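Protein chains: 2
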Amino acid sequence: MGIVHKYRGNFEWDGVAVKEYVTGEAVGATRRVLIGAEESAQNFAVRYFEIPPGGVSALDNHAHDHGVFILRGRARVLLGNREVEVGHGDVVYIPPHETHQFRVIGDEPLGFICVVSGKRE
Amino acid sequence: MGIVHKYRGNFEWDGVAVKEYVTGEAVGATRRVLIGAEESAQNFAVRYFEIPPGGVSALDNHAHDHGVFILRGRARVLLGNREVEVGHGDVVYIPPHETHQFRVIGDEPLGFICVVSGKRE
Chain A
18 MGIVHKYRGN
28 FEWDGVAVKE
38 YVTGEAVGAT
48 RRVLIGAEES
58 AQNFAVRYFE
68 IPPGGVSALD
78 NHAHDHGVFI
88 LRGRARVLLG
98 NREVEVGHGD
108 VVYIPPHETH
118 QFRVIGDEPL
128 GFICVVSGKR
138 E
Chain B
18 MGIVHKYRGN
28 FEWDGVAVKE
38 YVTGEAVGAT
48 RRVLIGAEES
58 AQNFAVRYFE
68 IPPGGVSALD
78 NHAHDHGVFI
88 LRGRARVLLG
98 NREVEVGHGD
108 VVYIPPHETH
118 QFRVIGDEPL
128 GFICVVSGKR
138 E
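Chains as they are written, first to last, in this note's numbering: chain A, 18 to 138; chain B, 18 to 138.
Just so you know, the hints here were simulated from the structure itself, not pulled from any lab data.
Since we're looking at a predicted model, the values are computed, not measured.
The beta carbon of each residue, even a glycine, is placed where N, CA and C say it ideally should be.
Any given hint could turn out to be false.
From the structure, some residues in chain A lie toward chain B, with a derived Cβ separation under 10 Å [as the list claims (entries may be wrong)]: (1) G19; (2) F28; (3) W30; (4) Q59.
The following block holds chain A by itself, in its conformation from the complex (with noise of 0.2 Å):
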């Protein structure tokens, strides 16, 4: 059956859970499942991160691809060896196996959408 998350405003979605997102250095970044597992999506996941000003990510590296939507603040983001800098409104491609990293920057807590498969392992 069709799901609907309604927006409150303030980047909170009714029937969707905060969670903690343990990363990198990064204390009090949060996690919501927008679309997901609770939504009996099989084929894609669609998340909403959130990172506190001078927040940095993991440096990750994996084989899922990720899907990336800038909703607030800004952020250096290393795709392999180069580095972007990315605020509201951006999207950003990350392949599998590329090296990544996002680096809080100003005041803002850094707010993006990151689609992934749903076979990922």
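Model the placement of chain B on the given structure of chain A, informed by the hints.
Below, chain B without anything else, positioned relative to chain A:
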């Protein structure tokens, strides 16, 4: 290699072509593939669709599921046999084989991100 599509504002992104979106009764609807085959993404695609005021998408029912995130405007969404009103920030999951249709309401275009599996038929 990682790819960044910088947001230009006004729902346009660098390196993303605007294509016609042929659907239902919606003259002037558009489609932008933010992450897809051109980005070498094989596991999922992230697209941005826009339907002008008064437009109605095709009445669809198919095997692949959709993850939708509303960026602008308002719509009544048909999900199976119920209708839900959605707007900015709302998240909609449309499972496989659920009949669905978007009916734009109000004066603003409806703009939404739509995630699909890369393996859809």
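Hint by hint, here is what the structure shows:
| no. | hint | verdict |
| --- | --- | --- |
| 1 | G19 | 3 Å, holds |
| 2 | F28 | 8 Å, holds |
| 3 | W30 | 6 Å, holds |
| 4 | Q59 | 8 Å, holds |
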